[in-house]
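Q: For reference, the chains in residue letters:
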Amino acid sequence: MTEAVREVRAVRGRPGAPGGSRRPSTAPRPSATRLLWALPPVALLALVFLYPLALVVQQSFQPDTGGTSVQPYADVFASEAFREALWTTVWLALGSTAGCLVLGFALALVIAFVPFPGARAVSRFIDVFLSFPSFLITLALLFIYGTVGMANGLWTDVTGAAEGPFQFLTTPWGVLLAEITYFTPFVMRPLLAAFSQLDTAQLEAASSLGARAPRIIRQVVLPEALPALAAGGSLVLVLCLNEFGIVLFTGAKGVTTLPMLVYGKAILESDYPGACVVAVVNVLISVGLYGLYRVVSRRAGA
Amino acid sequence: MLVHSRKAKWAVWALFLLLFVPLFALPLLVVLGASFATNWSSVLPSGLTAANYQAATRGEALQALTTSLVTAVTASLLALAAGTWAALAAAALGKRHRKVMDALFVLPVAVPSVVVGLAILVAFSQPPMLLNGTRWIVIIAHTVLVTAFAHQSVSAAITRLDPAYEQAAASLGARPAHVLFRVKLPLLLPSLTAAAGLCFALSMGELSATMMLYPPDWTPLPVLIYASTDRGALFTGSAIAVVLMAATLLVLFAVSRIRTRASYR
Amino acid sequence: MGIRFDAVTVAYDGNVVLDALDLTVAPGEVMALLGPSGSGKTTALRAVAGFVRPASGRVFLGDRDVTDLPPHRRGIGMVVQQYALFPHMRVEDNVAFGLKARKVPRAEIRTRVAEALEMTGMGAYARRHPRELSGGQQQRVAIARALAIRPDVLLLDEPLSALDAQLRSGMLAELARLHRELPDVSILYVTHDQVEALTLADRIAVMDKAKLRACGTPRELYRAPTDEFTASFVGGANLLPVTVGATGVRLGEAELKADTAGAAVGARATLCVRPHLVGLGEGPNRLTGTLSEIQWRGATHRLYVEVDGHRVMADLRELRDPPGLGDEVTLHFAPDDAVLLPAGVGHD
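Residue numbers (numbering that gives the first Met the number 0), protein chains in the order written: chain Y, 0 to 301; chain W, 0 to 264; chain P, 0 to 347.
Incorrect hints may appear among the rest.
Unchecked claim - Which residues of chain P face chain W? A few of them, derived with a C-beta cut under 10 angstroms, are:
1) 45
2) 81
3) 82
Stated by the list, open to error - Reference listing, derived: stretches of chain W covered by chain P, where coverage requires no fewer than 3 residues with Cβ under 8 angstroms from a Cβ of chain P:
4) 165-177
5) 180-187
If you're looking for bench data, these hints aren't it; they were derived computationally from the structure. Glycine is no exception: its CB is placed at the ideal position from the N, C-alpha and C atoms.
All chains should be built: construct the whole structure from the sequences, respecting the hints.
A: Here it is in structure tokens:
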């Protein structure tokens with residue numbers, strides 16, 4: 000089953016098609032029929048996605064008091080909660096991405112270049128890991144670092160103290176840990192793909208010329224991996240900005256991100272214009288970054 | 000090949016395990032362990048029981064499982080059909096049009112799922128398309144979210160497909176429809192099943208948009224898991240989570256069997 | 000049915016890859032399109048098949064203008080380098096594909112598939128999948144598949160270049176036999192290998208840089224090339240920059256006898272001499288120089304001799320007692336074996 004996941008997950012990290020040969024173009028027929036064939040799926044997408052998205056933008060300019068104004072924006076931007084959520088979202092996403100890049104690079108390096116019995120099984124496990132929802136990680140962390148979980152239980156058993164030292168789970172650090180855990184495989188996938196393209200003869204040549212491992216990594220492996228790192232990193236950044244399940248399951252009042260704010264305003268407070276404003280901001284940030292990701296990863300594929 | 004001395008190798012592997020096991024293996028094991036327990040206040044869970052699974056496979060939970068399966072299968076099939084159609088149509092277009100279409104169809108990946116949920120809630124809560132409160136609004140949201148992935152993986156497969164097959168078929172006198180159904184789709188079948196598996200897995204675990212949209216009589220598994228943990232029933236929640244993981248893996252496994260049989264080379 | 004290119008020009012993104020090609024393949028003729036990669040030969044073939052659309056010019060099959068017809072309505076058999084056998088179909092289904100697409104009655108499909116497989120010697124493999132066949136066998140199936148639709152025109156795009164050398168010469172003989180069995184089928188054969196072209200073709204069209212350089216029978220092109228590119232690409236040649244005199248030509252200080260008909264006295268020209276027609280020792284047209292390199296090739300020796308700053312190649316029957324590097328060597332060739340060409344780019 001893992002191939003099924005691997006195949007497609009790889010797509011996320013490596014959109015460029017292999018094969019540098021000039022693609023022989025089929026003789027272009029009258030393009031009107033071709034455009035006609037593209038119409039049904041586009042119309043469907045417009046109906047269930049683009050039109051609803053446009054409505055969100057429209058509602059963000061329509062305060063409950065009626066009329067059309069930028070009042071909802073002014074209200075939202077003025078609120079402390081929004082500014083804090085924006086800041087939390089951004090630093091969590093940046094922190095998680097950095098963590099995923101470092102960890103993913105190190106782990107992929109070992110799997111690819113210091114192979115051990117079972118390395119293949121590990122990379123298959125990573126594929127399986129990718130097919131599970133993110134909130135499972137938070138659920139698991141509750142048992143590991145929760146107030147009465149494994150780690151604190153061990154501490155109280157050993158020291159006899161009433162409380163364990165691990166109380167970070169309901170703080171942003173808990174979210175950070177969960178996001179790094181869940182999203183690291185998203186960096187490892189394209190990296191492992193890039194490493195498999197790397198000619199081992201290059202490593203052997205560098206090694207025979209007297210280079211030691213750190214130098215080889217810096218001068219041979221890293222340049223090759225840079226496109227995959229950039230692509231994987233920017234994808235993870237976008238996914239972190241949009242992450243909802245991990246934050247929701249953390250259940251911490253202290254950690255509010257933009258998606259949480261959208262959910263809270265819409266479902267809990269029924270403040271639709273406000274929710275729409277936050278949604279528009281969130282979409283602008285994410286789509287902007289995703290556009291960047293596509294540009295970067297296309298260059299990586301070329 | 001990077002590290003040559005035996006000692007250094009072992010050191011690297013030890014470090015790898017030290018990072019890998021607690022970060023990736025432990026969480027899944029912990030959820031599995033918790034699903035069989037009633038209490039966890041020490042290193043290991045205690046009060047071993049199968050009662051959580053009794054709760055997780057009947058009544059509300061069983062209904063949630065069916066809900067999730069029906070939603071995921073429907074959404075995957077719809078997404079596969081729409082995504083494949085879009086990818087095939089885009090591949091036939093000129094460069095400029097193709098770029099526009101690709102961008103449109105990956106957009107749902109970049110837009111936060113919560114916002115997709117909000118947008119669909121806003122759009123389908125008013126006439127003429129009043130779907131709020133029905134299961135269809137959940138299925139539509141899932142379809143939108145996974146279509147992007149279906150489209151992406153199918154168009155990657157189309158790019159990889161050697162145009163020589165298509166051209167050989169055309170030179171033998173096959174009309175475009177004949178080429179599509181007898182040559183292109185069969186050759187794409189492995190990728191299509193892989194895409195279906197991915198869509199299914201994503202839909203099974205979808206929480207963000209679902210939380211915005213689900214009607215009381217259409218509660219998928221992730222929502223139920225959240226509801227359980229939210230009211231403190233962590234161990235039952237874990238059992239339901241294990242059921243979710245098992246169902247996902249089972250279907251992915253079945254899909255990969257089809258896929259192996261479908262890959263001819 | 001013949002093929003006719005009428006001023007066919009093809010451009011990709013403003014890059015002209017085929018420049019105003021005029022060429023006619025007679026019914027039943029084997030025409031080889033010979034040239035290096037990027038010369039436009041494959042583009043010409045694909046224009047006949049309908050996979051590239053000319054920017055200008057027309058393509059005719061027989062009397063029919065097919066320029067605007069989609070590929071599936073042209074009725075052409077085509078075999079490409081990578082075979083492109085459908086991996087999900089058995090050999091017999093591959094061969095039957097074109098017949099089914101044409102809605103040929105079921106019973107007739109069976110006999111025609113068997114016939115096509117028999118003709119290519121693949122009758123025993125009908126139930127196999129392509130992946131179970133060797134490269135040579137796959138190539139035969141690809142040919143059978145193209146022949147099953149009984150095309151009047153067969154397009155072969157580098158059909159042998161994926162095979163190893165030994166298999167290639169066997170398949171070459173096989174293709175020649177097939178053509179004898181199907182004398183009415185016109186064949187357009189794209190290759191970069193002069194041996195394939197010389198062996199198989201009735202006529203060869205030499206292409207370079209998107210243009211047709213020369214067209215003629217293999218014998219004409221080999222014996223009497225009309226330009227430098229053709230001379231060196233078909234068979235290899237010494238191309239010596241000379242000045243035309245009254246009774247012969249001058250190469251530096253050396254006076255050489257050659258047929259100068261049609262060339263103006265004092266004009267610059269290129270003298271083309273095939274390396275295997277150059278002999279060692281004294282003779283009618285003498286060239287003296289120092290040996291700069293010698294290669295032993297089993298049955299022959301190749302000598303590289305510097306004559307007045309020009310490198311002259313000579314292929315000689317294996318020498319008992321070859322000269323050493325730096326030795327002064329005298330070469331000769333018969334005046335009849337030299338061809339005078341218009342001066343080309345190699346001339347300074």
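Q: State for each hint whether it applies.
A: Verification of the hints:
1. Interface restraint check: residue 45(P) against chain W, minimum CB-CB distance 8 angstroms, threshold 10 angstroms, status holds.
2. Interface restraint check: residue 81(P) against chain W, minimum CB-CB distance 6 angstroms, threshold 10 angstroms, status holds.
3. Interface hint status for residue 82(P): upheld, as the beta-carbon distance to the closest one in chain W is roughly 8 angstroms, under 10 angstroms.
4. Counting residues of the stretch 165-177 of chain W whose C-beta sits closer than 8 angstroms to any C-beta of chain P gives 11, which meets the bar of three, so the coverage hint holds.
5. Counting residues of the stretch 180-187 of chain W whose beta carbon lies closer than 8 angstroms to any beta carbon of chain P gives 4, which meets the minimum of three for the stated coverage.
The structure fails none of the hints (numbered hints given earlier).
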